[in-house]
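Q: Throughout the sequence shown, residue numbering follows the working numbering, covering 1 to 213 in sequence.
Please keep in mind that the hints were generated in silico from the structure rather than gathered at the bench.
A few of these clues could be false.
Quick list of simulated restraints, FRET-style, between CB atoms [what the hints assert, rightly or not]:
{"no.": "1", "residue 1": "R114", "residue 2": "R209", "range": "35 to 45 Å"}
{"no.": "2", "residue 1": "V79", "residue 2": "D21", "range": "17 to 27 Å"}
{"no.": "3", "residue 1": "R20", "residue 2": "R168", "range": "44 to 54 Å"}
{"no.": "4", "residue 1": "R133", "residue 2": "E67", "range": "17 to 27 Å"}
{"no.": "5", "residue 1": "P71", "residue 2": "G201", "range": "24 to 34 Å"}
All values reported here derive from a predicted model rather than from experimental measurement.
Yeah, the Cβ is synthetic: ideal placement off N, Cα and C, and Gly gets one too.
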Amino acid sequence: EQVLLQIGETAVPPILARLRDARDPNRLAQLAAVVIALGERSVAPLCNEIASARGSAARIAVQLAGELQNPKLVPSLVVCLHEGDPALRKDAARALMTIGSASHQAFVDAMSSRDPEVARLAAHCLGLLGHRRAVRPLIEALERWLKRKEDGLAREAIRALAEIGDPRAVGALAAVATPRPWHKRGPRVETQLAAVSALEGIEGPAAERALRD
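Given these sequences and hints, build the entire structure.
A: As structure tokens, then:
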């Protein structure tokens, strides 16, 4: 392993090839540790592997990208988030979350995806990341999904706003929670209840007023 570390970037493709065939958990862990220890020198080979690999090999590369936590890997992971199979998408989302704030805009952009699963996953991840700068994009997504009557996505945005707990979301949540006249079609009851629940979790006078009203 020390020899591989000394070789540097050129050692990474052979290591990744071994990882594809490795079955022993200890061997897998050893090889993965070398890729991570190489740090910046692993970035380009991992990008190439993510672009070309399929199946379990692609998932291993994506998981390693998350552990490496290098923002330069974000574009490659975004491709997987949008174009991968369901398992690879989830792995890419986890990797992006591990990288952290550098992935924020990628998730914001993904909420505009025509694929509802990608959009849902992006909103979910923004909630888990908990960055307050995600509040405005989530409110915009919520309003967009309500207009399209995509209540499942709207509830995901509401859950994300509840996770962040920022008072700036109170106005948008109160608008969803407020019952509409019978002749005006509004959000479904489940969505209204989700908004009420989100308001109950936000601290401060604005949320208290919204719940009273």
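Q: Could you work out which of the previously given hints the structure breaks and list their numbers from low to high?
A: As far as the earlier hints go, not one is violated by this structure.
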